[in-house]
Amino acid sequence: MDASEIRSRYAAGERDFRYIDLFKAQLSDTDLHDADLRDANLTGADLRGANLTSADLSDANLRSANLIGADLRGADLIVANLSDADLRDANLRDANMIGAKLGVANLRDANLVCANLSGAELSCADLSFASLRGSYLSGASLIKANLSHTNLSSANLSITNLIGADLSESNLKYANLSGANLIEANMGGANLQGANLYRANLAYVNFNGADLANADLSDANLAGTDFTAANLAQTNLEGTIFGLATSSNANHQGIKAPYEWNGLYLRSNNQIKIAEALDRAGVLVYPNCRTRLKTSPETEITETDFLVFYEGKWGILEIDGEPWHPDSSTVLDSQSDRIFNVHGIRVAHYDATRCLEQPDTVVEEFLKSLTHNCAAHHQT
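Under our numbering, residues 22 to 401 are what the sequence shown spells out, in order.
Please note: incorrect hints may appear among the correct ones.
As the list claims (entries may be wrong) - Pair ranges (Cβ atoms, derived):
#, residue 1, residue 2, range
1, Glu297, Glu259, 37 to 45 Å
2, Ala250, Trp282, 21 to 29 Å
3, Asp55, Glu205, 53 to 61 Å
4, Gln255, Asp52, 47 to 55 Å
Since the hints were made in silico from the structure, they are not lab data.
Just so we're clear, the structure is a prediction, and the values are computed from it rather than from any experiment.
For glycine and all other residues, C-beta sits at the position ideal for the given N, C-alpha and C.
Construct the entire structure; sequences and hints are all you get.
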């Protein structure tokens, strides 16, 4: 069937065009609203300005199709293939796009307000300046997608994969990003007021100049995160893993600290108890220090809980059983422990529960062990 035939049949009242083959068909400005185009082959078709409102395009192949300015409001695009399609300025408001394939698609300036994109594949897609206000993107893949200057206010991005995505200057006010993976994402200048980032992976994210006022970052991974010039007023950071987060010139007014103690950011109540006990013992201590270790054939980065200097000797006190340092990792620690010992730094591991309940006893045992030239060991 060619373009002229489908127009004639549609004008005559026909709506069932399932499995139709319109490969590279010229259908610009064609009215196909309410048409049944399930499983249709529209690969490379020219649908610029076409009216596809409420059309059923589920399982359709629209790969590399030209849909610039097309009207797809309320359309059904479940599991449709829109890879490499051009959807600039397209209207996809309220569209059902569950599981749709949109990798490398161009959605710049598109209207996706309240669209359902859960589980959709959007890796490397261009969504810059698009409006996704109130949209549903839970479980979607947006790896290295361009979302700069995009309106995602009140959108649901829970457990979404946004590794390496560009969200600079985007509007994420009140967005739900709980459990999302944002490793190395760029969120510079983004508006995240009141956003939910509970348990999100924010390692090495750039929040330079971002507004995180009243946002919830509790239990998030903030290792290596850049908060330079960010607004963290009333931000909830309880239980976060801070790592080497950078926060110069950040506004921390009213911040709910991730277990802050005497100006230091600690990662748990267990660490606070040990820090207090070490303070009472009057020793020099460096919490959460990162170290480069040469573990042949390569160099690795390791982070110690407490690096301690006592009576001319260096030692490391590790708390086992924490989320970032589970008991199972102690076997993996053995190689780094041996390297520390070779350089005269004693390493001792203590159970997290014991550190919480008997911190002074743990510290006393640890400091005594520093005066003996013993190998690294584990305490219970």
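Here is how each hint holds up against the structure:
1. Glu297 / Glu259: 37 to 45 Å: 19 Å, violated
2. Ala250 / Trp282: 21 to 29 Å: 25 Å, holds
3. Asp55 / Glu205: 53 to 61 Å: 44 Å, violated
4. Gln255 / Asp52: 47 to 55 Å: The hint (47 to 55 Å, Cβ to Cβ) holds, given that Gln255 and Asp52 are roughly 51 Å apart.
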